[in-house]
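Undergrad: What follows is each chain in one-letter form.
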Amino acid sequence: MKRVYPDKEYCIGCHLCELACITVHSKSQDLIIAYTQERLEDGLKACKRFQEKGPTCVALSCRHCDDPACVAACISGALQKDPETGATTYDIEKCVGCWSCLMACPYGAIQRHPTLNKIVKCDLCRDREGGPACVAACPNMALKFEER
Amino acid sequence: MTYVIIGNGVASVGAIEGIRRLDHEGTIVVLGNEHVPAYGRPLISYLLAGKIGPERLNLRSDDFYRRMCVDLRLNTTATAIDTKKKTVTTNKGETIPYDRLLIATGGVPFNPPIPGADGSGVYNFTTLDHAQALIAAAKKMKRAVVIGGGLIGLKAAESLFDRGVDVTILELSSRVLSAAFDENAGRLAARRLAETGIGVRCGVTAKEIHRDDKGGIIGVLTTDGMFVPCEAVVVAIGVVPNSKLAKDAGIKTDRGVQVDDSLQTSAKGVFAAGDVAQARDMITEDNRVVPIWPNAYNQGYYAGRNMAGAKESYEGGLAMNSISFYGLPTISVGQVNPPKPEDYEIAIHLDEKRQIYRKLVFKDDRLIGYVLVGEIDNAGMYTSFIKFRMPIPAETKRALMHGEPGVFLWPEQVFDKTWNPAGADK
Numbered sequence: 229m230k231r232v233y234p235d236k237e238y239c240i241g242c243h244l245c246e247l248a249c250i251t252v253h254s255k256s257q258d259l260i261i262a263y264t265q266e267r268l269e270d271g272l273k274a275c276k277r278f279q280e281k282g283p284t285c286v287a288l289s290c291r292h293c294d295d296p297a298c299v300a301a302c303i304s305g306a307l308q309k310d311p312e313t314g315a316t317t318y319d320i321e322k323c324v325g326c327w328s329c330l331m332a333c334p335y336g337a338i339q340r341h342p343t344l345n346k347i348v349k350c351d352l353c354r355d356r357e358g359g360p361a362c363v364a365a366c367p368n369m370a371l372k373f374e375e376r
Numbered sequence: 034m035t036y037v038i039i040g041n042g043v044a045s046v047g048a049i050e051g052i053r054r055l056d057h058e059g060t061i062v063v064l065g066n067e068h069v070p071a072y073g074r075p076l077i078s079y080l081l082a083g084k085i086g087p088e089r090l091n092l093r094s095d096d097f098y099r100r101m102c103v104d105l106r107l108n109t110t111a112t113a114i115d116t117k118k119k120t121v122t123t124n125k126g127e128t129i130p131y132d133r134l135l136i137a138t139g140g141v142p143f144n145p146p147i148p149g150a151d152g153s154g155v156y157n158f159t160t161l162d163h164a165q166a167l168i169a170a171a172k173k174m175k176r177a178v179v180i181g182g183g184l185i186g187l188k189a190a191e192s193l194f195d196r197g198v199d200v201t202i203l204e205l206s207s208r209v210l211s212a213a214f215d216e217n218a219g220r221l222a223a224r225r226l227a228e229t230g231i232g233v234r235c236g237v238t239a240k241e242i243h244r245d246d247k248g249g250i251i252g253v254l255t256t257d258g259m260f261v262p263c264e265a266v267v268v269a270i271g272v273v274p275n276s277k278l279a280k281d282a283g284i285k286t287d288r289g290v291q292v293d294d295s296l297q298t299s300a301k302g303v304f305a306a307g308d309v310a311q312a313r314d315m316i317t318e319d320n321r322v323v324p325i326w327p328n329a330y331n332q333g334y335y336a337g338r339n340m341a342g343a344k345e346s347y348e349g350g351l352a353m354n355s356i357s358f359y360g361l362p363t364i365s366v367g368q369v370n371p372p373k374p375e376d377y378e379i380a381i382h383l384d385e386k387r388q389i390y391r392k393l394v395f396k397d398d399r400l401i402g403y404v405l406v407g408e409i410d411n412a413g414m415y416t417s418f419i420k421f422r423m424p425i426p427a428e429t430k431r432a433l434m435h436g437e438p439g440v441f442l443w444p445e446q447v448f449d450k451t452w453n454p455a456g457a458d459k
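These protein sequences, in sequence, are chains A and B.
Under the working numbering, the letters of the first sequence match residues 229 to 376, in that order.
Under the working numbering, the letters of the second sequence match residues 34 to 459, in that order.
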């Protein structure tokens with residue numbers, strides 16, 4: 229399956245991927261409203277985990293593992309493996325906010341939602357034509373969406 | 034190929050998903066002794082607390098068994114295994130032949146003999162039926178005593194309290210959560226419960242359950258001579274592997290059903306997974322019963338794959354618990370109470386006032402366990418160091434001790450392999 233691969237050699241730490249992520253996952257689908265309103269009022273949050281050390285940086289997100297530790301740990305059935313697409317899917321309605329996935333995922337790819345008792349996790353922008361918005365927004369090709 | 038799975042908990046679901054990754058043709062028969070499809074067992078505390086309705090319990094969608102081509106037989110208990118004839122008999126008089134069998138019978142509550150325990154008003158809290166019985170009973174009771182201050186006992190207490198019941202927890206050892214968490218985390222959790230109004234009493238347990246003339250419970254006499262009035266008692270001391278079926282079939286058992294690195298038991302073609310299995314542990318590197326949810330799924334999953342012909346070694350379970358008490362999140366992974374603390378390096382950060390706690394346990398140059406209370410957002414990043422057995426040089430150790438784990442502390446090759454493996458264009 230196609231996955232998002234971040235390359236720390238090319239990441240310039242501009243956070244544009246995060247902005248693209250919150251826009252595509254916003255109600256308004258508008259960057260300015262998403263950033264100035266929904267982020268503060270609804271706890272809208274990018275599924276990226278940005279890491280930096282000195283001049284090096286990288287934006288990480290769910291790897292959609294073949295054998296995901298989060299699915300094994302999920303007590304509610306909110307996290308599952310889609311047998312057709314291979315994606316690790318998240319059903320926010322089923323989630324009870326037990327944080328088992330956050331503990332089990334050794335990639336730190338799962339975050340707590342800022343205001344809800346839910347998690348935030350990459351869904352590969354499944355509803356977006358053309359694949360993940362973060363990849364499209366990256367100005368330096370540090371994020372690639374491909375089969376490896 | 035016919036697969037028979039005895040049990041319908043999370044290990045069973047893991048096994049179904051494991052088998053179907055490799056074998057789309059074989060017949061899978063699942064025997065479940067409850068009346069419902071697999072559900073999120075830990076969710077029964079959410080159900081009892083009234084946080085979720087019964088419609089949210091199912092672990093998989095309604096069409097899961099159909100999609101996976103599973104013959105699910107509910108209300109069906111396996112009564113015997115014949116490992117020579119390769120058959121399972123059930124309480125319904127069926128004899129089911131198998132090529133591969135999985136024993137995933139889980140655990141059963143441990144109920145010590147307590148005078149007065151026989152009769153109405155005494156509950157366990159490990160199944161949906163238990164939860165529903167408690168929901169019905171909670172309408173009529175004002176006070177309850179929970180015997181056992183482990184994870185199940187504390188969640189039962191919290192959930193009953195949310196139903197308006199006055200609850201007292203009795204814990205025989207000196208602190209709550211003694212098995213899964215350490216002393217500081219146990220104290221913070223107990224404090225949070227006590228602040229909300231739940232009675233937490235350590236160092237005592239129930240000596241006798243007292244009843245009136247009609248047999249109704251009126252209270253519990255404790256080992257220190259106190260009388261705690263109540264109308265119901267929840268016994269939550271622990272679960273023990275439900276291994277009788279395996280033992281009666283001549284399959285090797287110790288504390289649980291013994292399995293090898295492929296999760297196969299002493300009987301060829303018979304595997305075991307979940308709370309009934311005594312399987313490899315990643316940290317201690319021996320075989321033990323660690324009855325926790327992720328281990329059960331993973332053991333089921335890898336047993337399923339091996340039943341379907343994969344020849345894979347189970348990497349071993351990693352003890353882990355994540356549980357919140359009235360909004361105070363707590364996480365415990367790996368070895369957090371080392372038997373000889375002097376042989377380990379233990380780093381502690383405790384902020385009692387803000388109820389934030391972090392404990393890291395190092396052995397030689399590895400992280401082998403941690404506890405987080407309050408601030409848990411970086412949990413997975415600590416887990417990575419344990420799970421991938423990454424060596425921890427001094428600089429990395431300092432960062433971890435300061436609560437700053439991150440992927441740039443990983444060895445370069447682990448980082449590249451994980452995040453940016455060589456692709457088609459390289």
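Just to be clear, a hint being listed does not mean it is correct.
Under the rule of at most 25 Å between Cα atoms (straight-line distance), these lysine-lysine pairs were calculated in the DSS-like manner [said to hold, decoys possible]:
no.: 1; chain 1: A; residue 1: LYS309; chain 2: A; residue 2: LYS273
no.: 2; chain 1: B; residue 1: LYS396; chain 2: B; residue 2: LYS420
no.: 3; chain 1: B; residue 1: LYS285; chain 2: B; residue 2: LYS344
no.: 4; chain 1: A; residue 1: LYS346; chain 2: A; residue 2: LYS281
no.: 5; chain 1: B; residue 1: LYS450; chain 2: A; residue 2: LYS309
no.: 6; chain 1: A; residue 1: LYS281; chain 2: A; residue 2: LYS309
no.: 7; chain 1: A; residue 1: LYS281; chain 2: B; residue 2: LYS84
no.: 8; chain 1: B; residue 1: LYS175; chain 2: B; residue 2: LYS240
no.: 9; chain 1: B; residue 1: LYS450; chain 2: A; residue 2: LYS281
no.: 10; chain 1: A; residue 1: LYS309; chain 2: B; residue 2: LYS344
no.: 11; chain 1: B; residue 1: LYS301; chain 2: B; residue 2: LYS118
no.: 12; chain 1: B; residue 1: LYS420; chain 2: A; residue 2: LYS309
no.: 13; chain 1: B; residue 1: LYS117; chain 2: A; residue 2: LYS230
no.: 14; chain 1: B; residue 1: LYS172; chain 2: B; residue 2: LYS84
no.: 15; chain 1: B; residue 1: LYS240; chain 2: B; residue 2: LYS117
no.: 16; chain 1: A; residue 1: LYS281; chain 2: A; residue 2: LYS372
no.: 17; chain 1: A; residue 1: LYS372; chain 2: B; residue 2: LYS450
no.: 18; chain 1: B; residue 1: LYS173; chain 2: A; residue 2: LYS281
no.: 19; chain 1: A; residue 1: LYS273; chain 2: A; residue 2: LYS372
no.: 20; chain 1: A; residue 1: LYS255; chain 2: A; residue 2: LYS281
no.: 21; chain 1: A; residue 1: LYS346; chain 2: B; residue 2: LYS119
Note that these hints are calculated values from the structure, not bench results.
Undergrad: Hint by hint, say whether it matches the structure.
TA: Hint by hint, here is what the structure shows:
1. A:LYS309 / A:LYS273: holds (23 Å)
2. B:LYS396 / B:LYS420: Given pair LYS396 (chain B), LYS420 (chain B) holds - Cα atoms ~14 Å apart, limit 25 Å.
3. B:LYS285 / B:LYS344: At roughly 22 Å apart (the allowed maximum being 25 Å), LYS344 (chain B) and LYS285 (chain B) satisfy the hint.
4. A:LYS346 / A:LYS281: Roughly 29 Å separates the two Cα atoms, so the pair is violated.
5. B:LYS450 / A:LYS309: Measuring from Cα to Cα gives roughly 22 Å; hence the hint holds.
6. A:LYS281 / A:LYS309: Answer violated: LYS281 (chain A) to LYS309 (chain A) is near 33 Å, above 25 Å.
7. A:LYS281 / B:LYS84: Judged against 25 Å, a Cα distance of about 41 Å means the pair is violated.
8. B:LYS175 / B:LYS240: holds (21 Å)
9. B:LYS450 / A:LYS281: Satisfied, since the Cα-Cα distance of roughly 19 Å is no more than 25 Å.
10. A:LYS309 / B:LYS344: Holds, because 22 Å separates the two Cα atoms, which is no more than 25 Å.
11. B:LYS301 / B:LYS118: Holds, because 12 Å separates the two Cα atoms, which is no more than 25 Å.
12. B:LYS420 / A:LYS309: holds (21 Å)
13. B:LYS117 / A:LYS230: violated (47 Å)
14. B:LYS172 / B:LYS84: holds (16 Å)
15. B:LYS240 / B:LYS117: violated (47 Å)
16. A:LYS281 / A:LYS372: holds (21 Å)
17. A:LYS372 / B:LYS450: holds (15 Å)
18. B:LYS173 / A:LYS281: Outside the cut-off at roughly 59 Å; violated.
19. A:LYS273 / A:LYS372: holds (21 Å)
20. A:LYS255 / A:LYS281: violated (33 Å)
21. A:LYS346 / B:LYS119: violated (45 Å)
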